[in-house]
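Working from the sequences, and respecting the hints, build out all of it.
Number of protein chains: 2
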Amino acid sequence: MEITANNQNRKSWLPVVEGCDFPIQNIPFGVFITRDDIITIGTRIGEYAIDLGAFHQLGYFNGIPLTDDIFMQDSLNDFIADGRKTWRLVRNRIAEVFDKENPNLRDNEKHKEIIIFDVNEVEMLMPIDVGDYTDFYSSKEHATNVGTMFRGKDNALMPNWLHIPVGYHGRSSSVVVSGTNIRRPYGQTLPNGATTPVFGPSQRLDMELETAFITTSANDLGKPINVNEAEENIFGMVLLNDWSARDIQKWEYVPLGPFLSKNFASTISPWIVTLDALEPFRCESPKQKIEPLPYLKPSKTTNSFDIKLEVTLETENGDLNTLSTSNFKYLYWTMAQQLAHHTVNGCNVRAGDLMGSGTISGPTENSYGSLLELTWGGKKPISLKDGTTRTFLNDGDNLILRGYCENKKGRIGFGKCTGKILPPISLNHLKKD
Amino acid sequence: MEITANNQNRKSWLPVVEGCDFPIQNIPFGVFITRDDIITIGTRIGEYAIDLGAFHQLGYFNGIPLTDDIFMQDSLNDFIADGRKTWRLVRNRIAEVFDKENPNLRDNEKHKEIIIFDVNEVEMLMPIDVGDYTDFYSSKEHATNVGTMFRGKDNALMPNWLHIPVGYHGRSSSVVVSGTNIRRPYGQTLPNGATTPVFGPSQRLDMELETAFITTSANDLGKPINVNEAEENIFGMVLLNDWSARDIQKWEYVPLGPFLSKNFASTISPWIVTLDALEPFRCESPKQKIEPLPYLKPSKTTNSFDIKLEVTLETENGDLNTLSTSNFKYLYWTMAQQLAHHTVNGCNVRAGDLMGSGTISGPTENSYGSLLELTWGGKKPISLKDGTTRTFLNDGDNLILRGYCENKKGRIGFGKCTGKILPPISLNHLKKD
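Those sequence lines, one after another, are chains A and B. Numbering that gives the first Met the number 0 applies: residue 0 is where the first sequence begins, and numbers increase by one. Numbering that gives the first Met the number 0 applies: residue 0 is where the second sequence begins, and numbers increase by one.
Hints are computed from structural coordinates only; laboratory data are not their basis. Mixed in with the good hints there might be a few duds.
Just so you know, same-sequence chains aren't split out, so a pair can sit in one copy or run between any two.
Listed next, the in silico DSS-like pairs over lysine-lysine satisfying Cα-Cα at most 27 Å (straight line) [what the hints assert, rightly or not]:
1) K430 <-> K299
2) K299 <-> K379
3) K430 <-> K288
4) K288 <-> K249
5) K286 <-> K430
6) K430 <-> K222
7) K222 <-> K419
8) K139 <-> K249
9) K296 <-> K249
In structure tokens, the structure reads:
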């Protein structure tokens, strides 16, 4: 099926300013509450949120096999489970209806009032009910930087790293949507030189610049997914900030991996940009010098996407400080390889599962995806516009991730993924017996 | 509120043979399909499965605040979310109605026909929709055994182990109910002496004897749980077999922990035994020589339960071979400490979350909870009744976990947690492009 929604010449009758992340070629999916307190699945064009529940009720999806309430839900899981053919029919239809030559909705003031909202009038919610959240570790630059800090340059990459898209399980309950404030977590840490741990708020709170993909119900338990068919099971992508407490992590992570240092919160951007929308920005994935085992070896070489990524720190006075500029295409292991690896043992993947890329660091110092790397373990503080410095995050810091694709054909973006650090809560309630 | 369901003198009008895991003092909760293809929440007394959906519809819960459809569901999550007060009212009422002196249901043949099934006539399903699955590593004996094998006796326990109930996130999608066959998983392994990994079915497939507890919606994101209030948020317990592919684990687990070596399947027993039912078997938890930090320090010392555990291997000829006899009370870190630790950073816990104990090994060689330990890394094969030996599991082996509490006052048990190993599937579908 042709993805007509990607037609680069199409314009919408809704206004879209130059440089906007959400032209009619994007058509992402999200969940929001309207001014009337109705929760619905929607899409976005320009500065407008479109209520797809109402759009469907008013007949604009006629002819597409959809259940009546598929968009009147508080998560996209059921729609995602409908599969790629349905996603394409829906996205193509939305593009047609909002095409500036199409008068059907354009000239129906009553319907427009029901369907279309100013984005500032709606509140974005979690787009999915995350079944399982997996986080990979697929940036060679990131793994090398971290390895160099911990084990020296010669032993930076673990022996398995070039053979396996290393990953681990995260916590789904604490995945939150952009805009949710993040409490500085408490935990055990081992001070330098000490032999006994202490308890208190994390002193080395970090962000991690990541993307994540969302799967459909991809396979039954016991049945691996072919690496060349893996992308068909990916609905779309979001930005992900995998908040990390480095001091808690250092003390807890041996031998079973990060746990409380990560599971206090992970923030995702609210609009899921479909893999179909990203298709015009497909690009070569890095050449893998060590040939992967056959189950990880795709038949094509264009397995990545050119997605520009940025991290900005907003201090309490409103100053915006760019911390990092990276790109999704730097990732060594591709999404298809991650999904093929995840399922090769028969592990089943469901609609609404979230799979993080791991921190995406680029080759240069200004493209590192975490403060751990940007400040080289806290040894090189970063100077901010307000005259302060940072090694790790301060209370009041607002972290903003952005991601977008841009070429001669146009621009498709993810919007923002933000989270502001709040001071630790009082723990008086832990003291009573 | 008194837990009258625990009255040890009570007898049911339903027959219960001596030594049965399910006397009227147990009243566990599970989900099953009846002979009429109806999915319902139920309980069990003796060899009878009781349809609580029908029981409620026919008025036997009158006076208890419950929604009409609370038991007509395919998971216990909503009932668990109702909280401990409701669980107790429900369990007490079931005990009253099935008390041999109570004629209400006993003498109503029509109602009995609707409500009561032979357990062999129903099919047990997953009792919960697992939100997040966490697995701890809380047996000192197990951690010491594994550490000794990998790093020698002097460095067996990691420095953090006596300070932290070490845990990590598992995969919820592949948690299956007892009786589900387990496919031998494929994966990457590094043969001894090799520098390049190979791909194939796991050759060191192991079981892990564990229990797990199931939580209610315990806390909001950002708010830790007091260790002395933690148990109030635990609905009940099940047996857990955390299947493990040791060869895959060895190659993949550094630095982020086990992933594909564990997430192909984890099996739980179908009946959730409530913490209330286990109360008469409460016992001292091991004395912790290194004093835990205050947030992990309970005010009482009776934080464990005396639950006898057994592992049996059934070979294809039907021979039953006891592999291990252990006890839940050996666990160094208690469930309350695990839950307090899990949430101390603000991580939120939801109704239906599953938290595994980690392999429960006892102090003697015949009480080890995994083949890795029982055969000391494969060096000491186990002789079976049929004349064969095992280091790790063969295709066709059926693993049976059992757990029960028994003292002068009576017996409460979990029934069985079983899984049979099937040979690896054909991977022809991975070969096509």
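To see whether the hints hold, each was checked on the structure:
| no. | hint | in the structure |
| --- | --- | --- |
| 1 | K430 <-> K299 | between (59 Å within a copy, 14 Å between copies) |
| 2 | K299 <-> K379 | neither (41 Å within a copy, 47 Å between copies) |
| 3 | K430 <-> K288 | between (56 Å within a copy, 22 Å between copies) |
| 4 | K288 <-> K249 | between (31 Å within a copy, 24 Å between copies) |
| 5 | K286 <-> K430 | between (55 Å within a copy, 21 Å between copies) |
| 6 | K430 <-> K222 | between (49 Å within a copy, 13 Å between copies) |
| 7 | K222 <-> K419 | between (41 Å within a copy, 17 Å between copies) |
| 8 | K139 <-> K249 | both (20 Å within a copy, 21 Å between copies) |
| 9 | K296 <-> K249 | between (34 Å within a copy, 23 Å between copies) |
Of the numbered hints given earlier, the model fails hint 2 alone.
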